[in-house]
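Asks: Build out the structure end to end from the sequences listed, making use of the hints.
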Amino acid sequence: MTDQKKILMIVAQENFRDEEFFEPKEVFEKNGAKVTVASNTTKKAKGILGGEVKPDLSISDVNIDEYDAISITGGGGSRQYLWDNKELQDIVRKAKDQGKVVAAICISPVVLANAGVLEGKKSTVFKNDETVRILKERGAKHKDKGVISDGKIVTGRDPKSAKEYGKAVLKAIN
Numbered sequence: 004m005t006d007q008k009k010i011l012m013i014v015a016q017e018n019f020r021d022e023e024f025f026e027p028k029e030v031f032e033k034n035g036a037k038v039t040v041a042s043n044t045t046k047k048a049k050g051i052l053g054g055e056v057k058p059d060l061s062i063s064d065v066n067i068d069e070y071d072a073i074s075i076t077g078g079g080g081s082r083q084y085l086w087d088n089k090e091l092q093d094i095v096r097k098a099k100d101q102g103k104v105v106a107a108i109c110i111s112p113v114v115l116a117n118a119g120v121l122e123g124k125k126s127t128v129f130k131n132d133e134t135v136r137i138l139k140e141r142g143a144k145h146k147d148k149g150v151i152s153d154g155k156i157v158t159g160r161d162p163k164s165a166k167e168y169g170k171a172v173l174k175a176i177n
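Taking the working numbering as reference, the numbering of the sequence shown is continuous, increasing by one, and the terminal residue is 177.
Hints were generated in silico from the structure; no laboratory data involved.
Heads up, simulated EDC-like pairs for lysine to aspartate or glutamate below, C-alpha to C-alpha not over 16 Å straight-line:
#, residue 1, residue 2
1, Lys-46, Glu-17
2, Lys-174, Glu-32
3, Lys-130, Asp-161
4, Lys-49, Asp-59
Model, not experiment: these values are computed from the prediction.
Replies: Shown next, in the form of structure tokens:
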């Protein structure tokens, strides 16, 4: 039996933030983790800066039991495809209930807030009136910092925080 960590990375079908996907993914893989990518469909997902990734599976086919962590990539597409995705929210709640690492960067901590897992937790988010309002309404303790870990919940603020965020996710797994 292998001790290789398995990380599920979620990307929006369109307009995910390239750095917030590719940089943590590189950190995860350089440290021996196996990354599986999921999106709304298995069609090629496109980043804001032109990066592309072919998801391994669709969100509806995810079995969170198979992973040590879930990391939700940010970017404008998150609002359109991920914020209100009920299946994704169920996956996030189940991951938290199982004691797995639940992580999101940029505007994607809103997914965690909408799933109800940020209540009473210190967290960060890409700061605009809407994202901060949603986090606070859902009971999160918002701090304007690059990366925040609160137990097994890791949130990152923006593309500049992407590498640090990746390292924080690994640290939370271990």
